[in-house]
Amino acid sequence: MVSKESCRNEIRAAIRQLSDRCLYSAAKWAGEQLVGIEQDPSNFTPSNTRFQRGSSSIRRRFSTSESITTPQPSVGFSQAVTPLPEEDEVIDGDLYLLAKSYFDCREYRRASHVLRDQMSNKSVFLRCYALYLAGEKRKEEEMIELEGPLGKSDAINRELVSLERELSALKRSGAIDSFGLYLYGVVLKEKGNESLARASLVESVNSYPWNWSAWSELQSLCTSIEILNSLNLSNHWMKEFFLANAYQELRMHTESLAKYDYLQGIFSFSNYIQAQTAKAQYSLREFDQVEIMFEDLLRNDPYRVEDMDLYSNVLYAKEACAALSYLAHKVFLTDKYRPESCCIIGNYYSLKGQHEKAVMYFRRALKLNKKYLSAWTLMGHEYVEMKNTPAAIDAYRRAVDINPCDYRAWYGLGQAYEMMGMPFYALHYFRKSIFFLPNDSRLWIAMAKCYQTEQLYMLEEAIKCYKRAVNCTDTEGIALNQLAKLHQKLGRNEEAAFYFEKDLERMDAEGLEGPNMFEALVFLATHFKTHKKFEEAEVYCTRLLDYSGPEKEKAKSLLRGIRMAQTGFPSMDIEHFPL
Amino acid sequence: MAGLTRTAGAFSVTPHKISVCILLEIYAPSAQYLSYPFHSVSEHNRLGLYLLSLTKSCDDIFEPTLEELLHQLRGIGGSMDAWLTGQLIKRFSSLSSPDDLMTFFNEIRGILGNGFVQDDQIILDPNSNLGMFVRRCILAFNLLSFEGVCHLFSSIEVYCKEELCYSAQYGASDKNLESLTQYDQMDMEYVMDKATEKLELQKNACGSLPFHLHTPEALFKVTEGLLITRKEKLRTSKKTTEATPVACSSSSTVEDTLADESLFLRTNLQIQGFLMEQANKIEIHGSSFSSSPIESFLEQLQNLAPELHRVHFLRYLNKLHSDDYFSALDNLLRYFDYSMYGRYEIALLCLGMMHFRFGHPNLALEVLTEAVRVSQQLSNDTCLAYTLAAMSNLLSEMGIASTTSVLGSSYSPVTSTASSLSVQQRVYILLKESLRRADSLKLRRLVASNHLAMAKFELMHVQRPLLSFGPKASIRHKTCPVSVCKEIRLGAHLISDFSSENSTMTVDGSLSTIWLKNLQKRWGQDMFSHDSGSRKSSIFFQFYDRLVSIPGSVSQLIGASYLLRATSWELFGSAPMARMNTLVYATLFGDSSSSSDAELAYLKLIQHLALYKGYKDAFAALKIAEEKFLTVSKSKMLLLKLQLLHEHALHRGNLKLAQRMCNELGGLASTTMGVDMELKVEASLREARTLLAAKQYSQAANVAHSLFCTCHKFNLQIEKASVLLLLAEIHKKSGNAVLGLPYALASISFCQSFNLDLLKASATLTLAELWLGLGSNHAKRALDLLHGAFPMILGHGGLELRARAYIFEANCYLSDPSFSVSTDSETVLDSLRQASDELEALEYHELAAEALYLISMVYDKLGQLEKREEAAALFKMHILALENPQDVEPNMA
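Line by line, the protein sequences give chains X and P.
No gaps in the numbering here: position 381 of the first sequence is 383 in the numbering used here, and each next residue is one more.
No gaps in the numbering here: position 824 of the second sequence is 825 in the numbering used here, and each next residue is one more.
Bound-form chain X, shown alone (with noise of 0.2 Å):
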């Protein structure tokens, strides 16, 4: 395991570095992970330990005591394979420190200007970095001006062309520094090669760790598990922070949950991990257990509006109007213009059930970020909500264009289909979605329940869909009362019989009741009688004595019939004589 000292030191240094040398988001990011890092006990102040204090009560319940002491997960790692960076140039030029200022407000060009004919590693990295970035100001600002009524227009960044040949050719003759690398990866990969720019970036990283923006760029372009396997990437605990939100975007979960488990150890108060963490469970449906940590994580930086949208979207789940006005009320205060801000609102009106309101909060979200793919998702519910189909299966086909893998959009582009009765359309939807998340139980019981509409009619798929769903553990318990009533209708009553006992089982073990359960009591006990089970029958039969309504006749009846035959008379309806 790292030392949390030696962490401590690196990332101290890496900030400087970063921030030195205009890589803000990166320093951020390098700064949340610093102070996350658990103090010693001996060097404790005033002013730590009261940053520290209020988190602890309630991240014990969730943070495991084993997690901090478990051993290494099977990637161990050497240690100090990368030496301390260095600081170089103890004192910048003059004409860096004019440059930094220029930067500092946004005075791109002027600041590139400056560092014209400067040579070394640093000024140059700036140099580039601040074209770079003066280029993409300028491509949004054409964005907006040439937007035609087709949609995006043709604006690039017109630096990109000097930037990459000025980064090769400094690349080629050795003198280009990790920052320069990645900056080199940035460009390549908004030319669009991306093979080379990952090649760039995992040099980069391997040379200086601590840059997160660098990490950040590379898992964007790692879009599968063999890409990710591909990489070679040397040793670090850098390196863990970056699988596990690989792993993550791979949706694959428990790797990714684990992954985080382990640097818990080191970095236990990282609210970044612990937002990370709870996106992960949020995938795995751990509604009340997200909900916890979340507010936990407000208690500690209450003006965080990163990831405050899947908070929302848990409270939405469950339905907490009123700790979801709250916390859109406290983003709205703290930063209205951004994304998850609106997009926070929206599940708040939609809560409330006012669809339109919600929509035109989704609306602005997407005016902020067109790529923001939850909020194509929410907005096509409301419109499925509004019976307003085509425009529903236009935002769910945004999302679907933005993350192919989106399997919410695909399953919404099934319902909405359906709605429109074209189930057989719905169809290829529904298995689309299924495809990226085949252990979901309710996507399966959508689409046997898209076979099972009348149109189509074709009861045998819908019946394999169903067993599928009951395998996938279905917790609503639909899928096996729907498998025995399907039976039933195709007179299969031996394999009804077994559906309606398991379900039975079910509905006993969660303690509920309901029409469902007086269906297959009859169901049974008739079953049983014409069987001539007797035993059988009269318990299901006895059961529903229990219960008043037409059901507890039935049963009567039916007990009657059974003893009867059970004495050797003629087995008669008494029910069915005329009066």
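What the hints contain is simulated information worked out from the structure, not anything from laboratory work.
For glycine and all other residues, C-beta sits at the position ideal for the given N, C-alpha and C.
There's no promise every hint is true.
Said to hold, decoys possible - What follows is a set of in silico ranges between Cβ atoms, one per label pair, in the way DEER data are often shown:
#1 X:Lys338 x P:Asp100: 14 to 20 Å
#2 X:Glu288 x P:Leu145: 54 to 60 Å
#3 X:Phe438 x P:Gly360: 24 to 30 Å
#4 P:Glu158 x X:Lys338: 57 to 63 Å
#5 P:Asn304 x X:Lys338: 29 to 35 Å
#6 X:Cys107 x P:Pro30: 49 to 55 Å
#7 X:Arg111 x P:Glu158: 17 to 23 Å
#8 P:Ser95 x X:Lys338: 46 to 52 Å
#9 P:Glu158 x X:Met121: 31 to 37 Å
#10 X:Thr225 x P:Ser297: 17 to 23 Å
#11 P:Asn304 x X:Glu456: 50 to 56 Å
#12 P:Ser328 x X:Phe438: 17 to 23 Å
#13 P:Thr383 x X:Ser550: 56 to 62 Å
#14 X:Cys107 x P:Ser328: 47 to 53 Å
Fit chain P to the supplied structure of chain X, relying on the hints for placement.
Same frame as chain X, now just chain P:
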């Protein structure tokens, strides 16, 4: 145009439009502007016409670069060229800041002459075409924001810079070029000659093959080797890919535009028009259209304009034609997901057709059933009519090989009411329904295609009462040629509808391009060729064709009606009519039709050649057709080749080869894609004939019997008739004339009820032969039968049939005891000579030997020994050729 509106903003100012404005300023100078002294009125008019064409084509997606524009100007300008180009460049270089653009447009306003007018000033009428163009430009410019003006300004810089770069390079390399060209002149000339020669040849082969049935000697020599070796095939395929100018040029222009794309924004209308053009191209060229360049282009276009959803549809089409199921499905669904509001039934219809094309008829049927339901729900009658037509098409295509169980699972009201009916009856009902709806909705194209489908149905299927009550009701089997003709005629009404309507049903943006092209072409004519008189007619036709501009789909339909006419005449037995209709198709509709239809026409023509002119011509034509259609997937050319080779081998007596061809045909019939019933039947028919030729009578009869059963099972009535005839033939050959008679008679009655006149004539001939086989006392009767069938045989029959009839006639006379050779020899000799001539062309050794034998016998009787020897020598030659076929044709291996 899905959800896209034509707004005023659909017109944007581009550097090219500014060029046009500058030229307009020269054409109609405002008062204070120095004008060019035009030498003559015609010169001035020429410029005006050119400008008119430029403004007309301003909605085209491809805008010429400055260099291209200057090039065109050089062609137009004559003496004023230098001045024009100089002026243009000068004007552009004077635009050095955004403010200059403002003043430029202010000046342009002056040429509209809405102020006071001087005497000799030429004014543009603000409502004329040119005036409108100027006004639109000014309006569009005024609507621009300052950012927009800046963008326009920077794109003008690029527009001009390119030209300058180019001319600089050009100047530098000019000297080199000159020396080079001089040096290479001779070579180049030589190459050019070669190329034009080749072109001419190809043109002959493609365009006017039908007119030159006597293929030129040179061509014949080229195609002498009947089988192409693999290497050659490779070479030809390479050549054809090189020689697909459409694909290449379009793809190259596509690349070019992409380069431009970053400079100029296109309007909706332009892009939509362009996409429609591309879609047409994909459809016409089918799989021979190389799909990858267009795919990459579409991808880029999608990046540039993500809201342009029609791109998805085009990608779907492209993938469909390159047989990529998954991407096609993906793109289709994506397209319809994006095209909102009430188009779901159309999505289903398209999906159904896609499944059908990829060979999933059951899936297709399910989807189409859902389409029927949804369009009923949304009361979209148009879509319903189309869906029903698609369904009937599907059923009739797969119906032959399918059993009714396929249809069991569908619960649609339409199909379920008909679930007790046979597939054919269901097709009929669906067609009728679709036709009724289409008629009431005035969907003329659908009506026409439904009529054609109906004609096809009438042609192929036996009519009987739809629902049969009682045992006796369904006895009447017959087809009705009158109704077939009626349906075809009704189908062809479409074209008169379109031409009488004076329709402007054009693809957006495409007409204007054609306009410009035509204009240029006409100039080319005037300037370069003075002897255009001879070619006038064809050019006139082109013009007519383009300007009236009948939509491609309509002309395809009309073309299909001609093909169907040809097929129906083929079946009814009128060879000249069939040939004529095919020729009409190949000449008039060859360009606009899909490549598979064109292939079919060629196929029919080649078959005709083989039957009526012999194999040499047929193989020569086949060679040409193969080159033309090599790239078409699922090409039927291979099939045709096997058929021809089989016939040829049978006639020459090379039975081993014949057997091999048979087997290959059988292999083609059942591929992994499914069984082609018609082909399968044909293969076994050929097998039986091969066995017959090998004198293995009982085996041949067995094959024919089982074939008959198959035909009966799958309801192939027409094939039944020919199988019966074959059985009669087998019995005749095996000497069992008595057994053969009932088969021949049955075949004749089949032919009668299906109106297969030619087949009936040939069955009558066989019947007569059978009678003669019973003994010479039946010769009179046989002769009567033959004479009854003679008009049909001589008028429409192929070489073989005619020769057989002639020989048989001679045989009859000779075996008639009352006939004396010495007194009436010419009757016999003439027909025999005729027969032997025709058989010569066919290389049918066996029959030829028989004819020659009879000739020499007659001469013997007449005592003309010299002529007898001559005939006998020929006879011997044929017999030898028959006995060892292999060494005569080493190239057949």
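Each hint tested on the structure:
1. At about 41 Å, the CB distance of Lys338 of chain X to Asp100 of chain P disagrees with the hint of 14 to 20 Å.
2. For the pair Glu288 of chain X and Leu145 of chain P, the beta carbons lie near 56 Å from each other, so the given range of 54 to 60 Å is met.
3. Under the hint 24 to 30 Å, the C-beta atoms of Phe438 of chain X and Gly360 of chain P, about 28 Å apart, fit the expected range.
4. For Glu158 of chain P and Lys338 of chain X, the Cβ-Cβ distance of about 42 Å falls outside the hinted range of 57 to 63 Å, so the restraint is violated.
5. Distance hint check for Asn304 of chain P and Lys338 of chain X: the Cβ-Cβ separation is about 32 Å, which falls inside the suggested range of 29 to 35 Å.
6. Taking the beta carbon of each, Cys107 of chain X and Pro30 of chain P are about 53 Å apart, inside 49 to 55 Å as hinted.
7. For Arg111 of chain X and Glu158 of chain P, the hinted distance range of 17 to 23 Å is satisfied, since their beta carbons lie about 20 Å from each other.
8. The hinted window of 46 to 52 Å between Ser95 of chain P and Lys338 of chain X holds, with their beta carbons roughly 51 Å apart.
9. Hint check: Glu158 of chain P to Met121 of chain X, Cβ distance near 33 Å, so the stated range 31 to 37 Å holds.
10. Here the CB-CB span from Thr225 of chain X to Ser297 of chain P is close to 21 Å, well matched to the stated 17 to 23 Å.
11. The hint said 50 to 56 Å for the Cβ distance between Asn304 of chain P and Glu456 of chain X, and at roughly 44 Å that hint is violated.
12. Checked against the hint of 17 to 23 Å, the pair Ser328 of chain P and Phe438 of chain X passes, with Cβ atoms roughly 19 Å apart.
13. A beta carbon spacing of about 58 Å between Thr383 of chain P and Ser550 of chain X agrees with the range 56 to 62 Å that was offered as a hint.
14. At roughly 49 Å, the beta carbons of Cys107 of chain X and Ser328 of chain P sit within the given window of 47 to 53 Å.
Checked against the numbered hints given earlier, the structure breaks hints 1, 4 and 11 and satisfies all the rest.
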